[in-house]
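Chains A and B, in that order, are what the protein sequence lines are.
Residues 1 to 207 in the working numbering are what the first sequence lists, from first letter to last.
Residues 1001 to 1444 in the working numbering are what the second sequence lists, from first letter to last.
The hints are simulated quantities; they were obtained by calculation from the structure and are not laboratory data.
Hints are supplied without guarantee of correctness; some may be wrong.
[Claimed, not checked] Below, a sample of chain B positions facing chain A; criterion: calculated Cβ distance under 10 Å:
1) 1039
2) 1352
3) 1441
[As the list claims (entries may be wrong)] Ranges of calculated distance between the beta carbons of each label pair, as one might list FRET restraints:
4) B:1434 to A:23: 50 to 58 Å
5) B:1373 to A:204: 52 to 60 Å
6) A:27 to B:1020: 50 to 58 Å
7) A:131 to B:1020: 22 to 30 Å
8) B:1412 to A:63: 45 to 53 Å
9) B:1436 to A:25: 45 to 53 Å
10) A:63 to B:1434: 52 to 60 Å
Yeah, the Cβ is synthetic: ideal placement off N, Cα and C, and Gly gets one too.
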Amino acid sequence: MIKTRDIKFDYDNQVFFEFPDIEIKNRENLLIIGNSGIGKTTLLHLLAGLLESKSGSIELFGKEISNLNSYQLDTFRGENIGIVFQRSHFVNSLTVKENLELAQFIANKKDNNRINTILKSLGILDKSDKNTNQLSQGEKQRASIALAIVNSPKLILADEPTSSLDDENCDRVIKLLKKQASEFNAQLIVITHDNRLKKHFKKSIKL
Amino acid sequence: MNIFKLSIKNIISKPLNSILSLALLILGIGIISLLLQLNSLIKTQMDNNLKGIDMVVGAKGSPLQLILSAVYHIDSPTGNISVEDAEEIKNNRMVGSSIDLLYGDNYKGYRIVGTEDKFLDLYNAKIKDGKKWNAPFEVVVGAKIYSKLNINLNDELISSHGLRETGEAHVNQPFKVVGLLEPSNSVVDQLIITSPQSIWDLHEEHDHDDENQEEHDNEDHDEHEHDHDDEDHDEHENDHDDEDHDEHEHDHDDEDHDEHEHGDKEITAMLIKFKSPMNIIQFPRQINENTNLQAAVPSYEISRLFKLFGFGIETLTYLAYLIILVSGFSLFINLFNSMRERKYEMALIRTLGASRSQLSVMVIFESLILTISGFLLGLLVSRLGVMFVSSLMEESLNYSLSSLYILNEEFWLLGLSILIGLISSLIPAIQVYKMNISEILADE
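Go ahead and model the full structure; you've got the sequences and the hints to work with.
Dropping the structure here:
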């Protein structure tokens, strides 16, 4: 259950954002669509607890995250939210597998089987001991999805996951994300300007 | 995986980033630790050999030379003194005990000392195999010498004249090894010991007439310039080179040998222990002012020597601290740049649920891992340095040093390394702590 009400945000009192309320039930996915500069990334950061809203409420799985302090927010995020960024980020000194182990360590969940299950399901099990900068673009995107879901989050947030992809790959990636989300019992919120994704979601909001 | 492992991986993945700071730190720590080790080892060596010696009496000359030759057996003697003069000092009521020393010959660079039994007790040296020297030309050999030159009981040693191997060999009079000493960790380990009589006999066989030899010596030798047989013994010791070769070619003058058995014998130096430590102030001065002998106080001369070295050591130490400071600064710049390069990584780790402080700890770990390994490698370098210096000393002075211990001061160096690590990482750690992850991620 994800519910937001009257979220407002501004950058130094200069750029003001007001976001429409969001409400999705368990097992529902959501597409948030909007043009550049409208505050898509800001909304994603607010939902992920990376930014603090100036007013309004954000309730994730029964918890009002604006009431959490910085440390609690970090812990909450580690346990419940996985983020797929527009560009893949990794800890470059570590291999794919070590990145996933680090994510598990941070969330205090050690489970080697899960790492293998995820890598297998994403088709990159053979890359697990590769350094992340040895991966191809497609493999990187899969690895970053693995990183987002390794700790069994209840919510996966994806920021423009398809914007730079051709139609074929766009289809492939969004299907992969949805498949992973349902396979591992997570809800998916995709924030994008990419209209091609509309057909993949029953529920969408326009900013 | 954990934060500590992550820090190690981060360092290993970009080894070139930190190599300069690490090298500087190793250099700085290495120099200081080497100086500390050498200072302590040399001091221990020197003090070990000083025990029980309050004063050394010998011929006039440099007091430091007298100490270095009579106590440490590393310099040339200042000259000889007559047995009567020595006797007079021994009879003084302030003198507790005394040991005569005669030296001026060597076997393969190791010095042969003619002395009394008490000499072994002074250094707590014990016979391991065989017996003490007794008859003339019987010798007891120090631990370092027999293990190095592979000398066994009953071997015969041909001594050479002077203090270097290149001296004229005393072919006619070999020494016989009757005893081997246990290692005593003192100067005895590198000496070959015999009776005073052996040395007297050894040199009685040659006479000489080239009086000009005396001229390299100190002025107080003039009085010895009668042509007694024992006389040349004196000279052998004084000339450091081989100029005395020709005198051996002259015929022996054995006739007057017996007449001079008493009276005109000479010794090289005498080690004195006082009855009361109070005498150390007054008695040496009395000897130096009122007799043609020289008295030197080892502890005083050695501390004077250390003071002379002290200035150089201090300068070098400050230089080393400066290098450590620069290494800390270089480490800080590394970390600072590295954090900027890795800001997306940091943001990622935060989005995975890591707290601000976990990231700061990671930065501090990276810094500490570097400085502590710098410390350990620095110690390693200093031990290699000690080995190197030891081999140099072994070659020229027969002394060697070995160090397996960590000195207390070196624990301070560990503390200093940790401190440098903490200070260098302080600003980068704060920077990471305050990082705005949303801004970094929105920036992509």
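A quick look at each hint next to the structure:
A cut of 10 Å between beta carbons decides the hint on residue 1039 (chain B): the least distance to chain A is about 42 Å, and the hint is violated. Interface restraint check: residue 1352 (chain B) against chain A, minimum CB-CB distance 5 Å, threshold 10 Å, status holds. Checking residue 1441 (chain B) against chain A by beta carbon gives a least distance of about 7 Å; that is within 10 Å, so the hint holds. Taken as a hint, the range 50 to 58 Å is violated for the pair residue 1434 (chain B) and residue 23 (chain A), whose Cβ atoms sit roughly 35 Å apart.
Between residue 1373 (chain B) and residue 204 (chain A) the C-beta distance comes to about 55 Å, which sits within the given range of 52 to 60 Å. For residue 27 (chain A) paired with residue 1020 (chain B), a C-beta distance near 56 Å keeps the hint of 50 to 58 Å intact. Roughly 25 Å separates the CB atoms of residue 131 (chain A) and residue 1020 (chain B), a value that falls within the hinted 22 to 30 Å. Range check, residue 1412 (chain B) to residue 63 (chain A): about 51 Å between beta-carbon atoms, so the 45 to 53 Å window is met.
Between residue 1436 (chain B) and residue 25 (chain A) the Cβ separation comes to about 33 Å, which falls outside the hinted range of 45 to 53 Å. The beta-carbon spacing between residue 63 (chain A) and residue 1434 (chain B), approximately 26 Å, falls outside the hinted interval of 52 to 60 Å.
Hints 1, 4, 9 and 10 from the list above are not met by this structure, while the remaining hints are.
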